[in-house]
Amino acid sequence: MTGAAGTRLVLRGRGIVPGRVAGRALVSHETISGWGGIEPASGTIIERRHELYGICFTGKVLVFPGAKGSSGWSGFFQSTRLMGTAPLAMVFTNLTTKAALGAIVTRVPTVTEFEDDPVAKIATGDRVEVDADNGLVIVYGPRPGHPR
Amino acid sequence: MVALTDEEKAMRDGRDGDAVAAAMDLLIRYADALGAAHLCETRNVAGTNTQPSPAKTKLFEEGGWSKAFAVISLDCDDDIEVPRMKVPTCQLQHGFGDDALGIMPYSERNIELQADAESFYSSKGVNVLATCTPYQVGNLPTYGEHIAWMESSAVVYANSVLGARTNCEGGASTGSASITGRIPCWGNHLVENRYGSHLIESGLRMTGFQDWGLFGYFVGDAVQEARPVMVGDLGQPDLADLKHFGAAAASSGGVEMYHIPGRTPDAPTLEAAFGRAAPPGPLHYGEAERRAIYDSLNSIGNSEDVDFVLIGCPHASLEQIGRVARALEDRTLSAGTELWVMTPRALRAVSDRNGWTATIERAGGRVLTDSCPAMSRAAPTGTKVFATDSAKQAHYLPAILGIEAWFGTTEECVDAAVTGRWRGSLAPAAVVR
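Protein chains in written order, with the numbering used here: chain A, 968 to 1115; chain B, -11 to 421.
Looking at chain A on its own, in the form it has when it is part of the complex (with noise of 0.2 angstroms):
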């Protein structure tokens, strides 16, 4: 997919659960919690002093530094995919237990241990293709003005 028509950038990592989608990145700064972060029945992000307070990641690329807080982490996002409110791919950073894991029961396409940071690289709404057989994180769209 490198330099194909449309193709902005690409980011080189290891995907740890398998597949391949398309579709809009829902980007955080910061890191997210599943027990006390987020409401599986809506899968939205709950944690009032979140930069995401309030936004659903259902169908989106959730790109985001990690995980944080409780172990039951995993287990919320197993319950998003279990209610039909499943992000679409997750694009992580920090490679933990709980981030690991929690992909993984989630069953979407993850992609993780970059050499370039997704998150300062990638921004919302942007359109991405995750490619997790290949470790690829494909973004599309025009190149902006100036440096990212």
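Hint data in this document are derived by calculation from the structure and do not stem from the laboratory. Be aware that a few hints might be false.
What the hints assert, rightly or not - 20 angstroms max Cα-Cα, derived SDA-like pairs, lysine to any residue:
hint, chain 1, residue 1, chain 2, residue 2
1, B, K46, A, R1048
2, B, K46, A, G1051
3, B, K(-3), B, H26
4, B, K46, A, S995
5, B, K46, A, A1008
6, B, K372, A, E1014
7, B, K46, A, L1049
8, B, K46, A, L1103
For chain A, the structure is supplied; the task is to place chain B on it using the hints.
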């Protein structure tokens, strides 16, 4: 790819049945995601099976507890039979027990469901300790033992105070560990990952339970998920102090492991805490830092009318229950204020025997077992303002229940329950000269 032993390959290939094969499949996917080279053998699992959630209830209604276990605890969609737990496995805290029936907005249906789940899982060999502090009621792993535990405050206690080795596990990894006796050998299981990363130098002596909570909240905020090493003339902590310290550090940050040289077993000395690396420049904890943490934990309270007081997060120790009982002798709670002391059922039995439960109940308070308001998302009806001696609960409950919080000493909290008013203030620090 994770390397498997012949025994593990046989489990993966179905020798021990479909559930064990599914569990091995999950553990292999998980180990590969982490980049673990192999699996650890474990004989100590602390997880959660019996707590009803909307998703679990739906699965139970579709296919009973076997279905719920397959999907939630093994990430498997097949119809399987749940085997007996292969290794000792305990249930962590869950929804309120029978003692909560009728006294709070907690669904009777969920209490029934949970009792049903308890019978099912205990028949499969799960030890229903029903507590966030398994180490207070007999589950004490030995030094260096590989274990698979959930619950952030239990994980930090096991790693740091007991010297056992665990990562912060989840529902599916503990479910899979319980019927295979395996968990990815990664992170805190490896000695090289257990050395300190940050040095925290305290200029204050810890004068008791509240001080350890404030210090823990400061440390977690300062180091986030790293491994702090605390030095200074700290005094001798007891079980409740370190339980509170670790829980606070795991709430404000994500600390899974810490060292206090001379006090915690992986670090007889400062040098041992850091291994071959030289200690980094210290972060200072002094009067100003202590005050700032106290103010931050108390920044969510406006109204001084307290309608709910909560003691015991993580679950109260016997010593803590005794302290509450002593502070309540011959007093009566304010009419508009509830007091709950949360503890495991096993410790409640001792509290009953010691007469403490009766003292607390005579005053109008309750000793409740097996869970906490944050897990059940339930406080007494109409609660607007609560007070607690737990930094962890002061951190979480305002977000979860949308209520105001006061953080103080155990005695200040009891006083608020009796008067209905918050009158707490920070006592002067013990500065080490």
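Here is what the structure says about each hint:
no.: 1; hint: K46(B) <-> R1048(A); result: holds, 13 angstroms
no.: 2; hint: K46(B) <-> G1051(A); result: holds, 13 angstroms
no.: 3; hint: K(-3)(B) <-> H26(B); result: holds, 12 angstroms
no.: 4; hint: K46(B) <-> S995(A); result: violated, 31 angstroms
no.: 5; hint: K46(B) <-> A1008(A); result: holds, 13 angstroms
no.: 6; hint: K372(B) <-> E1014(A); result: holds, 18 angstroms
no.: 7; hint: K46(B) <-> L1049(A); result: holds, 9 angstroms
no.: 8; hint: K46(B) <-> L1103(A); result: violated, 36 angstroms
In this structure, the earlier hints numbered 4, 8 are contradicted, and the remaining ones agree with it.
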